[in-house]
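Colleague: Please construct the entire structure, taking both the sequences and the accompanying hints into account.
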Amino acid sequence: MAESLKIRVLVRPKSGILDPQGEAVRRALPALGFGGVKTVHIGRLVEMEVESADEVEGMCRRLLANPTIEEYEWEVVS
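At position 35 of the sequence shown the residue is numbered 86 (the working numbering), and the sequence of numbers has no breaks.
In short, the hints are calculated from the structure, not lab data. One or more hints might be untrue.
Computed Cβ-Cβ distance ranges for the label pairs, DEER-style [said to hold, decoys possible]:
1) 102 - 75: 36 to 42 angstroms
2) 119 - 59: 32 to 38 angstroms
3) 59 - 90: 20 to 26 angstroms
4) 86 - 65: 26 to 32 angstroms
5) 91 - 114: 23 to 29 angstroms
When the alpha-carbon atoms are kept at most 25 angstroms apart in a straight line, the in silico DMTMM-like pairs for lysine to aspartate or glutamate are as follows [as the list claims (entries may be wrong)]:
6) 65 - 124
7) 57 - 100
8) 65 - 121
9) 57 - 105
10) 89 - 74
11) 65 - 102
12) 65 - 106
13) 89 - 124
14) 65 - 108
15) 57 - 124
16) 89 - 122
17) 57 - 122
18) 89 - 54
19) 65 - 126
20) 57 - 98
21) 57 - 102
22) 65 - 98
23) 65 - 122
24) 89 - 106
25) 57 - 108
26) 57 - 121
27) 57 - 126
All C-beta atoms, glycine included, are put in the ideal place defined by N, C-alpha and C.
Modeller: What follows is the structure, given as structure tokens:
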């Protein structure tokens, strides 16, 4: 039985793309006593176990991220 790899993919809006969730959080933080926050970007984290990392890049480009408005990075984690 092949050992699986744990993959972590972080997807977030590209720089310059409107991020309404991030903006809402940025505006709410001072009311909670957290000042000095200039920008907030809300992304999503995808974790999966795969047999091989060979196809992860394709998964990211074709399904997990919208390359028009999002950027992503992925890593193998222990």
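Colleague: Does each hint fit the structure? Answer for all of them.
Modeller: Taking the hints in turn, this is what the structure says about them:
no. : hint                         : verdict
1   : 102 - 75: 36 to 42 angstroms : 39 angstroms, holds
2   : 119 - 59: 32 to 38 angstroms : 23 angstroms, violated
3   : 59 - 90: 20 to 26 angstroms  : 23 angstroms, holds
4   : 86 - 65: 26 to 32 angstroms  : 27 angstroms, holds
5   : 91 - 114: 23 to 29 angstroms : 26 angstroms, holds
6   : 65 - 124                     : 12 angstroms, holds
7   : 57 - 100                     : 4 angstroms, holds
8   : 65 - 121                     : 5 angstroms, holds
9   : 57 - 105                     : 13 angstroms, holds
10  : 89 - 74                      : 10 angstroms, holds
11  : 65 - 102                     : 29 angstroms, violated
12  : 65 - 106                     : 23 angstroms, holds
13  : 89 - 124                     : 23 angstroms, holds
14  : 65 - 108                     : 17 angstroms, holds
15  : 57 - 124                     : 14 angstroms, holds
16  : 89 - 122                     : 20 angstroms, holds
17  : 57 - 122                     : 20 angstroms, holds
18  : 89 - 54                      : 43 angstroms, violated
19  : 65 - 126                     : 19 angstroms, holds
20  : 57 - 98                      : 7 angstroms, holds
21  : 57 - 102                     : 9 angstroms, holds
22  : 65 - 98                      : 20 angstroms, holds
23  : 65 - 122                     : 5 angstroms, holds
24  : 89 - 106                     : 36 angstroms, violated
25  : 57 - 108                     : 14 angstroms, holds
26  : 57 - 121                     : 22 angstroms, holds
27  : 57 - 126                     : 9 angstroms, holds
When held up to the earlier numbered hints, the structure conflicts with 2, 11, 18 and 24 and fits the remainder.
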